[in-house]
Amino acid sequence: MEVRTRKVGVASVIDLKGQIDLSSSSKMRTAVLEAIKAKGALRVAVNLTEVSYIDSSGIATLVEGLQLARARSCHFVIFGLQQAPREVLELARLDKVFEIRVDEREALDS
Amino acid sequence: MIEIKISSDPKFLTIVRAMVGKVCELVECSVEEKNKIILAVDEACSNIMKHTYHGDLGQSIEIRCESARDKIEFVLKDCGPPIDPGKIKPRPLDELRPGGLGTHFIRTIMDEVKYEHVAGCGNTLRMVKFLHRNNPGELT
Numbered sequence: 001m002e003v004r005t006r007k008v009g010v011a012s013v014i015d016l017k018g019q020i021d022l023s024s025s026s027k028m029r030t031a032v033l034e035a036i037k038a039k040g041a042l043r044v045a046v047n048l049t050e051v052s053y054i055d056s057s058g059i060a061t062l063v064e065g066l067q068l069a070r071a072r073s074c075h076f077v078i079f080g081l082q083q084a085p086r087e088v089l090e091l092a093r094l095d096k097v098f099e100i101r102v103d104e105r106e107a108l109d110s
Numbered sequence: 111m112i113e114i115k116i117s118s119d120p121k122f123l124t125i126v127r128a129m130v131g132k133v134c135e136l137v138e139c140s141v142e143e144k145n146k147i148i149l150a151v152d153e154a155c156s157n158i159m160k161h162t163y164h165g166d167l168g169q170s171i172e173i174r175c176e177s178a179r180d181k182i183e184f185v186l187k188d189c190g191p192p193i194d195p196g197k198i199k200p201r202p203l204d205e206l207r208p209g210g211l212g213t214h215f216i217r218t219i220m221d222e223v224k225y226e227h228v229a230g231c232g233n234t235l236r237m238v239k240f241l242h243r244n245n246p247g248e249l250t
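These protein sequences, in sequence, are chains A and B.
Under the numbering used here, think of the first position of the first sequence as 1, with each following residue one higher.
Under the numbering used here, think of the first position of the second sequence as 111, with each following residue one higher.
Treat the hints with care, since some could be wrong.
Unchecked claim - BS3-like, lysine-lysine: derived pairs with alpha carbons at most 27 Å apart:
1) 17/A with 160/B
2) 132/B with 197/B
3) 96/A with 144/B
4) 96/A with 199/B
5) 17/A with 144/B
6) 181/B with 27/A
Think of the hints as simulated: they come from the structure by calculation, not from any bench.
Please model the entire structure based on the sequences and the hints provided.
Written as structure tokens, this is what we have:
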């Protein structure tokens, strides 16, 4: 899995690419938590457009990110979900817990 | 019947998912059904790696798959110490916290889930999914 973090205005966008499972979720976790803990972080958007698979360890990382962001008054949003990752969020009944946007523009405008 | 054996290294999970996905296509599962079955088998393997082998990459996991007209069955075997099936429980979903979702996925997706320990032979997890379709394919 590939992970890249970039700044877009005041937001940090984390681009993920590939499949998120037990072998790769720690890399994702590092990027998500670092972005939220960065000095002055106001908004963190996780780009799942190119993620074809996510397992419970990836979902756990998103939950951890959401909780940390809430504690630090940082806006946490995910966007670009393909069908399989969306189904996993629904199975976990987390699809109503996260702020989910269609694309980056919407994620940064919300 | 299809059987593979992998080391308990998470990097091999992608191979397990590819195998399970192909099997689901052969028996003509829907895309949604296939995605869920892949998730359940992946989570079961991850659980063995994390909780039975505690991250030891040098152990082994056998994954066997068989299908009949109306069902697909996966049997996972490890060589670890006995697990207590009573302790493998999904966590309540109304608690917002990381972790503990893998068992929920397995039990929600699969129709039958049974853990067994055979003395000297490790643990066996048998998972069955009944298929809902008109013209099921079959692995022989």
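Pair hint outcome, residue 96/A versus residue 199/B [Cα-Cα no greater than 27 Å]:
OK: residue 96/A and residue 199/B at ~24 Å, within 27 Å.
Holds or violated: are the alpha carbons of residue 181/B and residue 27/A at most 27 Å from each other?
violated (37 Å)
Holds or violated: residue 17/A with residue 160/B, Cα cutoff 27 Å?
The hint holds at about 24 Å.
Given the hint that residue 17/A pairs with residue 144/B, does the C-alpha gap stay at or below 27 Å?
Within the cut-off at roughly 21 Å; holds.
Mind checking the alpha carbons of residue 96/A and residue 144/B for me, to see if they're no more than 27 Å apart?
Judged against 27 Å, a Cα distance of about 24 Å means the pair holds.
Does the structure keep residue 132/B and residue 197/B at a Cα separation of 27 Å or less?
Not OK: residue 132/B and residue 197/B at ~32 Å, beyond 27 Å, violated.
Of the hints listed earlier, those the structure fails to meet are numbers 2 and 6, in rising order.
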